[in-house]
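Student: Here is what each chain is made of, one letter per residue.
4 protein chains.
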Amino acid sequence: MIGGGQGAFIGAVHRHAAALDGLYELVAGAFSSNPETSKASGQILGLSADRVYGSYQELIEREKALPEAERVQVLSIVTPNHLHFAPAKLALENGFHVILDKPMTFSLAEAKELQTVAAASNARFCLTHTYTGYPMVKEARQLVASGELGAVRKAYVEYPQGWLSNFEEGSDNKQAAWRTDPARSGVAGAMGDIGTHAFNLLEYVTGLSVTQLCADINTVVPGRKLDDDGAVLLRLSGGASGVMVATQVAAGEENNVRLRVYGDKGGLEWQQVDANTLQVKWLDRPTEIRRTGTGYVSSYARHNTRTPSGHPEGYLEAFANLYRNFALSLQADLGGKSAPPEALDYPGMEEGVRGMAFIENVIASGRSDQKWTEFTV
Amino acid sequence: MIGGGQGAFIGAVHRHAAALDGLYELVAGAFSSNPETSKASGQILGLSADRVYGSYQELIEREKALPEAERVQVLSIVTPNHLHFAPAKLALENGFHVILDKPMTFSLAEAKELQTVAAASNARFCLTHTYTGYPMVKEARQLVASGELGAVRKAYVEYPQGWLSNFEEGSDNKQAAWRTDPARSGVAGAMGDIGTHAFNLLEYVTGLSVTQLCADINTVVPGRKLDDDGAVLLRLSGGASGVMVATQVAAGEENNVRLRVYGDKGGLEWQQVDANTLQVKWLDRPTEIRRTGTGYVSSYARHNTRTPSGHPEGYLEAFANLYRNFALSLQADLGGKSAPPEALDYPGMEEGVRGMAFIENVIASGRSDQKWTEFTV
Amino acid sequence: MIGGGQGAFIGAVHRHAAALDGLYELVAGAFSSNPETSKASGQILGLSADRVYGSYQELIEREKALPEAERVQVLSIVTPNHLHFAPAKLALENGFHVILDKPMTFSLAEAKELQTVAAASNARFCLTHTYTGYPMVKEARQLVASGELGAVRKAYVEYPQGWLSNFEEGSDNKQAAWRTDPARSGVAGAMGDIGTHAFNLLEYVTGLSVTQLCADINTVVPGRKLDDDGAVLLRLSGGASGVMVATQVAAGEENNVRLRVYGDKGGLEWQQVDANTLQVKWLDRPTEIRRTGTGYVSSYARHNTRTPSGHPEGYLEAFANLYRNFALSLQADLGGKSAPPEALDYPGMEEGVRGMAFIENVIASGRSDQKWTEFTV
Amino acid sequence: MIGGGQGAFIGAVHRHAAALDGLYELVAGAFSSNPETSKASGQILGLSADRVYGSYQELIEREKALPEAERVQVLSIVTPNHLHFAPAKLALENGFHVILDKPMTFSLAEAKELQTVAAASNARFCLTHTYTGYPMVKEARQLVASGELGAVRKAYVEYPQGWLSNFEEGSDNKQAAWRTDPARSGVAGAMGDIGTHAFNLLEYVTGLSVTQLCADINTVVPGRKLDDDGAVLLRLSGGASGVMVATQVAAGEENNVRLRVYGDKGGLEWQQVDANTLQVKWLDRPTEIRRTGTGYVSSYARHNTRTPSGHPEGYLEAFANLYRNFALSLQADLGGKSAPPEALDYPGMEEGVRGMAFIENVIASGRSDQKWTEFTV
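Protein chains in written order, with the UniProt record's numbering: chain R, 1 to 377; chain P, 1 to 377; chain G, 1 to 377; chain Z, 1 to 377.
Treat the hints with care, since some could be wrong.
Put simply, identical chains are the same to the list, so a pair is met inside one copy or across any two.
Said to hold, decoys possible - Cross-link-like lysine to aspartate or glutamate pairs, in silico, EDC-like; alpha carbons within 20 Å at most:
1) 174 with 284
2) 265 with 168
3) 265 with 288
4) 225 with 264
5) 89 with 58
These aren't lab readings, by the way, just hints derived from the structure by calculation.
One chain only, chain R, in its complex shape:
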């Protein structure tokens, strides 16, 4: 693991996600750019002191020098955005498989370069767009793909949070500090932190691509340096349209990602607060409540479930599904077999590059007087 030392949020999430299925063992880390902090974190995590490194470069170099059977196989990179590219690139160049937190990089240019590096490597790559790991999100994608809803006409995605309603970066809030800092977060705040998730979710489930957008991007809290709120009109491939809302100043909201997609025959609705339910709506018959863990759901939903219906699976399980599928893909590679399509269904380079393109396009549109901006990659 690179990053994720004491006080980090997402590093712990990655560790839970990796641990849940017993398919990973944490054996090495460079948990902080401060070697002391890194060492202390490694000790708390029970790592052998000689596998805790002072930098990602040292980690990669020294692990590579170990016999293949002993060295780390997968590197989880859970640093702030500005520290994604360099370690990911070095890891891929040295043949380590990489699991990288989103958004992929600091800029679209970095993302494209990383894509090139990855294309030349044999290593696998996963970008942790958590929400696509939920079984009912898998079900939603399969439902759209099946054509049962008809051609997609409209998609709404929203991601409301309230935790940045005050000037949190002015107090001792590490999470707020880096996310609102252009030097660490990049050109976008909310659009990068949660907008990319919403964008990815919409493209994943609809199977469509955003082709044009028109954004209203705001910095609501005085003194803040990056956007904390946005709303975007979308045009999608195939003639559909959509709306995306992502905000971090919706006071009182937690983290309720919500997606609705409508075709000419029916629609679907999913929201994280009721993550194990997929509502399927029809023009002229009752709404269906599809549920995680039941016998009637698609193989993709079933594959990403651990318990029978009625035993709620949550955020960590969704996250763990990414880790699990990545591991199953690697195991298949090692065994010389091809993994089943359900295991290969995790976000990768393409999603990462499009996410970075979204960030740059949406911020550009927000600054533009022109109504529609082409979505360029």
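Position chains P, G and Z against the provided structure of chain R, taking the given hints into account.
Tutor: Frame of chain R; chains P, G and Z shown alone:
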């Protein structure tokens, strides 16, 4: 009543709403432009044959000729949009109080002219924006006005329907036919039919005015002559922003108007499907569930409630609240007293003119390449 | 109307319910046993002074003396329980149709006598078990009757309220006072006030009869003279079993009647707080959400609905459905036709007698050390 | 781990729960009474072959022979009920800490004997009543304990499942087979499998004890050998009363454990399907929605949470909380410190004995003609 003959939807709703509290008696009508249909409708409704007229002109002329104690006092006009202006104008000019279905007129120009007519008349006027009649919508407005949520930063309103997902106007659907016909509905379809409700609800609860908008207006169903879908970015007075979504092609959706408003201290959420609940969300304490009929709600909510908490009040009750408040205002006038502010809180001319301005502005924005359109009246 | 003067709750509900569809006109009343109060109430309600009477005897005598075309046709009796029997009997004996609030009488003996009186009369009779007026409760009954859920195995009904959590009868609460007074309410408090509703709802939807019961009946609030809480194990005809819970001391609960019924193939769930939804659950396919006002529901549900789906209908509409069906039945009688089965589906004598039997049986069981008490009528 | 070989349900759950926080490492197992199956299971789980045993006796004997630093510290016993007592006893007698699946034993007599054994041992013991691991269940218990709801008057607990609606034990369903077999499950079916959970949840949250009960116990599915349905009237210490419902034949239900508790000032409601929400209801102010991961919840809720609010935690996290608290308690022991009360709050011997007493009392009551059965241990 003018309009609302057999086969009409909203006419029957008005009659239920008027009847519920026993404050109105239906005594006269011109229910159709076809005198035979009008007569037949009047008979079914149990009216005396001599009070059923062949046209609104005849109704107004002949009712005016009756002794004051006998003549109709209030005229409900429930015709399609293109037949709002003329009867409303004539009624107001002749001193009849008017309850008019929304949107107010066929065009903004008509709306302004009607406003001038009304200003010169002693007659009262009510526009039936039903949703503002719900007790918990009243509560929402009072909550925002109280300042408890802080300054409003963000407002989201949505009005998804699915009933026009197919080309209904091609079949024998009277409701679809006139709503999609530019000659009867006006310049807008969905934006006029449901968009105006959403717009009114947002302005009513926030107490703010839309100042600029940027609209994506679509005609999704092939062959349709007016918009059936739209999404609008909004800028509001006081620096807030918002998003409005109104569509009639969200297959499987019924009529779930939903509003969310966020200030810097908290937020609120109301949706028609759970109309007797107002969610009040706070930055750092539990969400509150405020309910119709409880002892702790505002005088405005209480005034618009008929039963103790736990006895759901619905759409007809919300509609009836407009009728009831209008009647209470008239009774106060007749008694030489002023009605309490709770009774005077019903939509009127100002809301009607702004609604028509919304329609024209949003359609113009939809056709424009310019990002932001000033909201002009 | 008999009873329902100023300060009464249910009288106003009956008036709204009667008014909603324009099928009734309130023309006469004996609103209170105090002639002054009755007169004052009549004046407020806009009745002609000569049709406001000082007692129900006077009302019935003098109305009967009027020409048939002028006299009142239907008498709504909305007095406390101890004043149900005498006016209902006198009304039926004199050929007036009767709508009576529940529970039917003060005792089972009275109920049986009233049944005998009614059998000898041509007058129609309706008992206002409101909850069976909801469209989705109609749908539930039809669904069970269709056999789609298989043979009923289990039924749960609950009726939790919290408004009697304190000793309200010690303060100036008229509603609490008579409901907790054995001289006015009868042998039961909560079991009569809300338990009968729950019992009726269960028998109505399942189509089964309670055959045995085992009750835990409590008076929770110190000083109270009647039960305010109860839970009852039920055995039903056909081998099914059930549980009924009714309480008025569930602090914080409003009035959320809820019913669940399970057959061997599926189950259903309805609750008043979401009255326009019927959940239909299946062993091996998704739960269905059936909704009021849709095209796919049964003729019984459709018949009892006024607005398209998505326009919530509430308690007053459910109540009004009883009044409307009663009126449609009378209109059919008057026209020499038979009303459609949907209109004839309202609670009557049989339900009233069984409700009173429930009260006496459940209180007896509560006092007994014997586990199972036969349900005797 | 003892039990939990291939095809078992709860064994995998225990492994996920143990793995999630990285506090346990699976090093040894006797996964099946069949040595071949045990070996195969161990291999799949990646265990060293010499730590996979053919029986629990062998496991305990040989692990005990290992140096203390190498031997297994905690034994998870996840066998069917009839195989709980013997391995648990042997483990405790040999100083191994034990985590045991519920219900504790095959009979109350065994449970008491195990309690005696444990009292004489230094080993810690945890019984996996999962539902008390949910953060909002912790919050519920703390809320009741705080007295804010007033004295508890009423408690309702329900546990509806539908998966045994058919004669599943007649087909190839291992889970159904042993749960409906008196030789493996004990004297009870549903009452042992899910009734004990409901009973435990009720006593845990209310802090009260069941003192008397009156049970209706049914075997609904023809041919089944144990109960699959029950409803129980409860009397609780302190004068409160309650109702418990547990069934496995509610066709279409998943696993929605639900608890409601009412005091004289307010009430609470929790249900597993919305596990991160605790509804707190008040007599005269709005219902509060308390949520997992927020800043305002009790230290007990916070201690049992891994992610910020809005990231749903589910069944495996609740299960993992038991494992985590057990590990934290052991770590504190090893460090010579006392664990914080939040870590010590996991179910143990006392809960196990009471659970077995519940099973025997409830089945006895079900067979009795006497109304109330004393709850004896």
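Student: Against this structure, judge whether each hint is valid.
Tutor: We went through each hint and held it up to the structure:
no., hint, in the structure
1, 174 with 284, "between (50 Å within a copy, 19 Å between copies)"
2, 265 with 168, "between (45 Å within a copy, 14 Å between copies)"
3, 265 with 288, "both (14 Å within a copy, 17 Å between copies)"
4, 225 with 264, "between (42 Å within a copy, 18 Å between copies)"
5, 89 with 58, "within (14 Å within a copy, 50 Å between copies)"
Every hint, counting from the list given before, is met by this structure.
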